[in-house]
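J.: With chain A's structure known, arrange chain B with the ligand on it following the hints.
Protein chains in written order, with my numbering: chain A, 1 to 266; chain B, 1 to 795.
There's no promise every hint is true.
[Unchecked claim] Once the Cα atoms are required to be at most 30 Å apart in a straight line, the calculated DSS-like pairs of lysine-lysine come out as:
1) 669/B to 410/B
2) 265/A to 790/B
3) 794/B to 265/A
4) 236/A to 794/B
5) 435/B to 204/A
6) 223/A to 794/B
7) 448/B to 435/B
8) 17/B to 585/B
In case anyone wonders, no lab produced these hints; they're calculated from the structure.
Quick caveat: nothing in here was measured; it's all calculated off a predicted structure.
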Amino acid sequence: MKAPSFAYARPGTLAEAFDLLERHGEGARILAGGQSLIPSLNMRLSSPELLVDITGLAGLSGIESLPKGLRIGALVTHAQIERSPEVKRHAPLLAQAAPHIAHPAIRNRGTLGGSLALADPAAEYPACAVALDATLVIAGKKGERRVKAGAFFKGLFETDLRPGEILAAAEFPPADKAVFVELARRHGDYAIIGLAGTQAASRKRFVFLGAGATPILAVNASKASSLEEAREVLGKDLDPPADLYHSSATKLHLARVLLERAWNKL
Amino acid sequence: MAKAELPLHAPGTQLDKGYIGQSVPRANAQRLLQGRGSFIDDLRFPRLAHVAFFRSPYAHARIKRLDFSKASKAEGVIGVFDGRSVAEYCTPWVAVLAHLKGIKSPPQHAIAIERACWQGEAVAAAVADSRSQAEDAVARIEAEWEELPVVVDMDEALAGKRVIHPELGDNICFKRELDTGGVDEAFATADVVVEDVFHFGRHTGVCLEGRALLADYNAAEHSLTVYHATQAPHMMQDIFSRHLNIPEANVRVITKDVGGSYGIKVHVYADEMATAALSVMLRRPVKFVADRLESFVSDIHAREHKAKVRLACTSSGEILAFELDDLTAIGPYSVYPRTSGIEGNQVVNLTGGPYRHQKYRAKMHVVFTNKNVTCQYRAVGHPIAVALTEGIVDLAAQKLGMDVAEFRRKNLIPDDAYPYTFPSGIKFEKLSHHKSLNKLLQLMDYQKLREEQLRLRKNNIYRGIGLAAMIEVTNPSPAFYGVGGARISAQDGATLRLEPTGMLTVMCSVTEQGQGTEAVFAQVAASAVGVTLDKVRVITGDTAVTPYGGGTWASRGAGIGGEAVLLAGRALRSNVLDVASQILKADKATLDILNNEIINRLTLETRMPLAELGRVAYFRPDTLPIDFQSELTVTRHYTPRQYGFTFTNGIQASWLEVDPDTGFVRLLKHWCVEDAGTLINPMLVDEQIRGGVVQGIGAALFEECLYGPDGQLLNGNMADYLVPMAGEMCDIVCAHLETPTRQSQLGAKGVGEAGTAGAPAAVMNAINDALAPLGARVTAMPFTPQRILKALGKV
Ligand SMILES: Cc1cc2nc3c(=O)[nH]c(=O)nc-3n(C[C@H](O)[C@H](O)[C@H](O)COP(=O)(O)OP(=O)(O)OC[C@H]3O[C@@H](n4cnc5c(N)ncnc54)[C@H](O)[C@@H]3O)c2cc1C
Chain A
1 MKAPSFAYAR
11 PGTLAEAFDL
21 LERHGEGARI
31 LAGGQSLIPS
41 LNMRLSSPEL
51 LVDITGLAGL
61 SGIESLPKGL
71 RIGALVTHAQ
81 IERSPEVKRH
91 APLLAQAAPH
101 IAHPAIRNRG
111 TLGGSLALAD
121 PAAEYPACAV
131 ALDATLVIAG
141 KKGERRVKAG
151 AFFKGLFETD
161 LRPGEILAAA
171 EFPPADKAVF
181 VELARRHGDY
191 AIIGLAGTQA
201 ASRKRFVFLG
211 AGATPILAVN
221 ASKASSLEEA
231 REVLGKDLDP
241 PADLYHSSAT
251 KLHLARVLLE
261 RAWNKL
Chain B
1 MAKAELPLHA
11 PGTQLDKGYI
21 GQSVPRANAQ
31 RLLQGRGSFI
41 DDLRFPRLAH
51 VAFFRSPYAH
61 ARIKRLDFSK
71 ASKAEGVIGV
81 FDGRSVAEYC
91 TPWVAVLAHL
101 KGIKSPPQHA
111 IAIERACWQG
121 EAVAAAVADS
131 RSQAEDAVAR
141 IEAEWEELPV
151 VVDMDEALAG
161 KRVIHPELGD
171 NICFKRELDT
181 GGVDEAFATA
191 DVVVEDVFHF
201 GRHTGVCLEG
211 RALLADYNAA
221 EHSLTVYHAT
231 QAPHMMQDIF
241 SRHLNIPEAN
251 VRVITKDVGG
261 SYGIKVHVYA
271 DEMATAALSV
281 MLRRPVKFVA
291 DRLESFVSDI
301 HAREHKAKVR
311 LACTSSGEIL
321 AFELDDLTAI
331 GPYSVYPRTS
341 GIEGNQVVNL
351 TGGPYRHQKY
361 RAKMHVVFTN
371 KNVTCQYRAV
381 GHPIAVALTE
391 GIVDLAAQKL
401 GMDVAEFRRK
411 NLIPDDAYPY
421 TFPSGIKFEK
431 LSHHKSLNKL
441 LQLMDYQKLR
451 EEQLRLRKNN
461 IYRGIGLAAM
471 IEVTNPSPAF
481 YGVGGARISA
491 QDGATLRLEP
501 TGMLTVMCSV
511 TEQGQGTEAV
521 FAQVAASAVG
531 VTLDKVRVIT
541 GDTAVTPYGG
551 GTWASRGAGI
561 GGEAVLLAGR
571 ALRSNVLDVA
581 SQILKADKAT
591 LDILNNEIIN
601 RLTLETRMPL
611 AELGRVAYFR
621 PDTLPIDFQS
631 ELTVTRHYTP
641 RQYGFTFTNG
651 IQASWLEVDP
661 DTGFVRLLKH
671 WCVEDAGTLI
681 NPMLVDEQIR
691 GGVVQGIGAA
701 LFEECLYGPD
711 GQLLNGNMAD
721 YLVPMAGEMC
731 DIVCAHLETP
741 TRQSQLGAKG
751 VGEAGTAGAP
761 AAVMNAINDA
771 LAPLGARVTA
781 MPFTPQRILK
791 ALGKV
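Next comes chain A alone, as it looks inside the complex (with noise of 0.2 Å):
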């Protein structure tokens, strides 16, 4: 579990990252908090040849409020979210949620922007972001694009981010109502299932995590006009994939509790 031998670089503006990054193309990788990325390195299930230090770059950091809700940059760490009272606020779902990932000593380093790359379909973040609607900035040599979480994530770890960019932020809207429940058996785990509420002028979103390859949207069940029916109708939004210890019938029981749990809550 060593790591096979790389080069890095600690670009101090975005121009010299986006230059890197071109020049290398696949050999190179972004570094950010490196909670999952150098994990995978020991474990050699990836060898690039170039790390591109991000955190030295200015202009991803910081919690900003908007006039209509949040921008949090991408380098925000995990334990910046969980504190923040900005986010308490006007994003509590993200303060819900920050507090199930992993543990302190990951969340000290592990950033928003990083969770938001990876897609880790069980992640916390990727949810969240569906529910609330979130705007995600990307960052390029070309400039600046805006994508909505929906299309962001579109597979099992894979985002609409193309070589040579960088997510620089997210933009949360507000929401009137939001819960965050999820089920894990160790506290810091991945979850096994996991659930983002919001409701918005009396509208419900219901979004998994853990349920598919990306965050999945509830369709079926956000529309339901009653709990029954939102029960009823999930196992048409729903086809969880087993995980080593629970089937996917486990997982959408599972995720049926949930939903009760957020229903009742919201």
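T.: Okay, now just chain B with the ligand, sitting in the frame of chain A:
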């Protein structure tokens, strides 16, 4: 009589036990907490080489071709080796013991030759200047395989349609039957018969420090020094000597700090033998530190049993008989030198253990499979035997409509029935089941808890109480391994030396694995000699320095090593008083040692400091009578002999809540009352219990090595293999009884495994108690949410 001459537990006396019984802090804690420990990976040697192993990706496959041409050319590589080249330096072994009649196993090599029998078995080794380079080289090894049919299921292995080692005839490593007679009659006449099948997941002991060794061969003197994270340095000295063909006197095993062992580090591992052989082959130091991923496929696993158990009792709740049929799978080899037959053997020995029935029949099969090997891990066999016994006892109580505590009270062996011979043939010197039960019920406020449970059920809150009485094997005599031909010492020794400065050096053959052994020895030594604790230094883990001994396993460190220290301490004290009587020209009987000084025994007045005595004895012996020679170094040994084992007893309880919607279990509280005999350091004892309970809870709720039908380990990493974590644990309340063993002067029975032995059964019974009103019952560990939901009919 003075304290030196009496057993510490002499009846009718009030002895000053000194530090024995006090929770003094352990001396090595500060060093470890400051990061100044010395683990294998901290060692840096000139010309040090690192080895990484190429491990079989298949559970069973013939090695058709290994191509090292690319690997050998990789940067920093010193050499790449296959099984044949290493076999020229290291002979194979066969792990059988004469007293386990009929046990069989094929020869095992340091590096597999021709065939790999489990996924993770090493088939080649790359040695390089750094571990990272060695791993690079491993990635460049090219292998051609012919996959062979695999046997992964226990029942299939037993049926034997496919035989893993054709030369052995079948897949049965070992079987045993035991019958007291009268079992069929007992079951035929019983008012109540209960029966169930229990499954125990295969799991492993996850040490903070992985397995590690640094072997340093010196060609100039044909000597081998091995720095080894092991529990048994002398056993390893013998094994390195015999299999590498180096005279034993030229082999030295040094065990510095060890980051936890739990039985994992008491076995012979092929990759460790290969590392030592590579050091000889390359004539330079070679280091191997198992990383997490290879630990999961190469550290021994344990458990994996399926057992049917039956119990017969009368309508008034008197247990008449037990019957057991156990099946356990151990991987493709019995593990050297202790064998993999011991766990099943223990299950047979111990099932039904706390109870006073006289009829017992047992059958047990140990079979080979194409999975990683299993062997002795903390509490060997006990968690299985206790869960089988306590699970079926609860079922019987339930069927009779009797309270589970009452049912136990009725059947536990009475406290005045000792010495007592159990139907399996084992003998108990003195146990305290009833006192323990009473203490537990009081400690947990059993009645109130039952009332609370009933009250909460009305609000659809499902809580359960689970009890688990247990016995635990400690301080084994030579009957455990020695009689079977294993060169594993049941005796241990301690050398105590009074230094010229009045300091006391203790050298003991029992090792420190992080559990505080050295602290306990310091307490015993200081108390026996009469010095303060700050004057004591303890050295363990060096075959060139300490007396010969067995090391750390089977909860024997305090009971056997501690007794050797006590005996040596008393002998040294007597020798010191001989010197004092010469110097002071006083009758020895009027003198004593207290707080680093020679005192007058009656008046307690100071006669002379030990530092002054040391000065005279070492530097001015010319002032002593011409025919007097002081002896300020003393060695004593101890072997338990009257009984095959010292037994401890105890009882645990678990209080938890099951969420019937999710199948999740929330632990609320856990209690353990244990009778470990004389307690030397209650704080360390409590921590042993708590740590053990947590490992037992791991087995009950979290830990399982999951294998696919192709024999692939599916969860061999710390993300997917779930060890219990602090966040899910509850408070663990410990209480003690002290029934000392009268076999020794110290009276300590041992405590290292008790927590692990009883916790799984307590948790299982509590879950089933919680589920009872819902008509559900679980018997397959670990009790995952899915298993509980299945039992509830929800999925
Ligand atoms: C023991 C453990 C438990 C964990 N448990 C959880 C959990 O329960 N829930 C959870 O959500 N996560 C969990 N994690 C992962 C953790 O949250 C990571 O911090 C996170 O997934 C990645 O963030 P990072 O900043 O560490 O990214 P890195 O590890 O540095 O990078 C991850 C990936 O994202 C890319 N990347 C990073 N930043 C950017 C960017 N700004 N633009 C484009 N690409 C980028 C990298 O190239 C890399 O491919 C756990 C991690 C560990 C070690």
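J.: Are the hints correct? Go through all of them and say.
T.: Right, here's what the structure says about each hint:
1. 669/B to 410/B: OK: residue 669/B and residue 410/B at ~26 Å, within 30 Å.
2. 265/A to 790/B: holds (28 Å)
3. 794/B to 265/A: holds (24 Å)
4. 236/A to 794/B: holds (19 Å)
5. 435/B to 204/A: This hinted pair is violated, its Cα atoms lying about 60 Å apart.
6. 223/A to 794/B: holds (26 Å)
7. 448/B to 435/B: holds (20 Å)
8. 17/B to 585/B: Status holds; Cα separation ~29 Å.
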